[in-house]
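J.: Which chain is which? The protein sequence lines are A and B, in order. Take 1 as the starting number for the first sequence in the numbering used here and just add one per residue. Take 1 as the starting number for the second sequence in the numbering used here and just add one per residue.
If you're looking for bench data, these hints aren't it; they were derived computationally from the structure. One or more of the hints may lead you astray.
DMTMM-like, lysine to aspartate or glutamate: derived pairs with alpha carbons at most 20 Å apart [unchecked claim]:
id : chain 1 : residue 1 : chain 2 : residue 2
1  : A       : 59        : B       : 84
2  : A       : 63        : A       : 46
3  : B       : 108       : A       : 46
4  : A       : 63        : B       : 60
Derived DEER-like restraints, expressed as beta-carbon distance ranges [claimed, not checked]:
id : chain 1 : residue 1 : chain 2 : residue 2 : range
5  : B       : 86        : A       : 19        : 31 to 37 Å
6  : A       : 42        : B       : 110       : 40 to 46 Å
7  : A       : 117       : B       : 32        : 42 to 48 Å
8  : B       : 44        : A       : 76        : 41 to 47 Å
9  : A       : 89        : B       : 66        : 35 to 41 Å
Glycine residues also receive a C-beta, built at the ideal position from the N, C-alpha and C atoms.
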Amino acid sequence: QVQLQQSGTELVKPASSVKISCKASGYTFTSHYMHWIRLQPGNGLEWIGWIYPGNGNTKYNQKFDGKATLTTDRSSSTAYMQLTSLTSEDSAVYFCAGNYEGHWFAYWGQGTLVTVSS
Amino acid sequence: DVVLTQTPPTLSATIGQSVSISCRSSQSLLHRNGNTYLNWLLQRPGQPPQLLIYLVSRLESGVPNRFSGSGSGTDFTLRIRGVEAEDLGVYYCVQSTHAPYTFGAGTKLELK
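Sequences are here, hints too, so could you generate the full structure?
T.: Right, here's the structure in full:
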């Protein structure tokens, strides 16, 4: 059974950084794209980018260039997203979502709430 | 960026009623490889989104066959034949033909 387990809620200060994790199990981590997606009230769902764990290739939504950095640790089947220079506008729920055998966005993590506040 | 326009934004239905949700794209979603990467997702309250339909009309494993998808090019439709209580939530279309991938604004299905 495929599972994506994300790290917990984050309360961070403006101008700081945060790193969210997404641990995958139940499938071959290195063979499928992993996406990161943001959900904000009023803005809906936004695609941040993907990473291919097999070779580390990434593709970003230009809107998040310089804001988000995607990495993986293949030894632990974990994907990471680091967000930098945080402002209140980055407060959101962030999801990881994996492709599987051509099924885009087939599996989702439970989401990580990031609140940016002083 | 591709804009996906979903209608209606809210849908009120009774149990057993059949409903449709429209998703219109600002440009064709036909990829040069011949696939059309248009999916439908359902987000139930307090849950992450769940994949229902991929490649326009293919039912994801485990999804009831009262759900169906159709369309081509720029016009797509999700149909639910006989709404059940567990179908309540927000439905999103999402395209992954053109980067950046984009989502519709969502259609909230609620009980009348």
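J.: Look at each hint and say if it fits the structure.
T.: Status of each hint after checking the structure:
1. Distance check on the hinted pair: residue 59 (chain A) and residue 84 (chain B) sit about 38 Å apart at the alpha-carbon level, beyond 20 Å; violated.
2. Using a Cα cut-off of 20 Å, the hinted pair residue 63 (chain A) and residue 46 (chain A) holds, with the two alpha carbons roughly 10 Å apart.
3. For the proposed pair residue 108 (chain B) and residue 46 (chain A), the alpha carbon gap of about 18 Å is at most 20 Å, so the pair holds.
4. A threshold of 20 Å between alpha carbons decides the hint, and for residue 63 (chain A) with residue 60 (chain B) the separation of about 30 Å lies outside it, so the pair is violated.
5. Checking the proposed 31 to 37 Å range against residue 86 (chain B) and residue 19 (chain A) shows it holds: the Cβ atoms sit about 35 Å from each other.
6. About 19 Å separates the C-beta atoms of residue 42 (chain A) and residue 110 (chain B), a value inconsistent with the hinted range of 40 to 46 Å.
7. For the pair residue 117 (chain A) and residue 32 (chain B), the supplied restraint of 42 to 48 Å holds, since their beta-carbon distance comes to about 45 Å.
8. Taken as a hint, the range 41 to 47 Å is violated for the pair residue 44 (chain B) and residue 76 (chain A), whose Cβ atoms sit roughly 30 Å apart.
9. Taking 35 to 41 Å as the suggested C-beta distance range, the pair residue 89 (chain A) and residue 66 (chain B) conforms, at roughly 39 Å.
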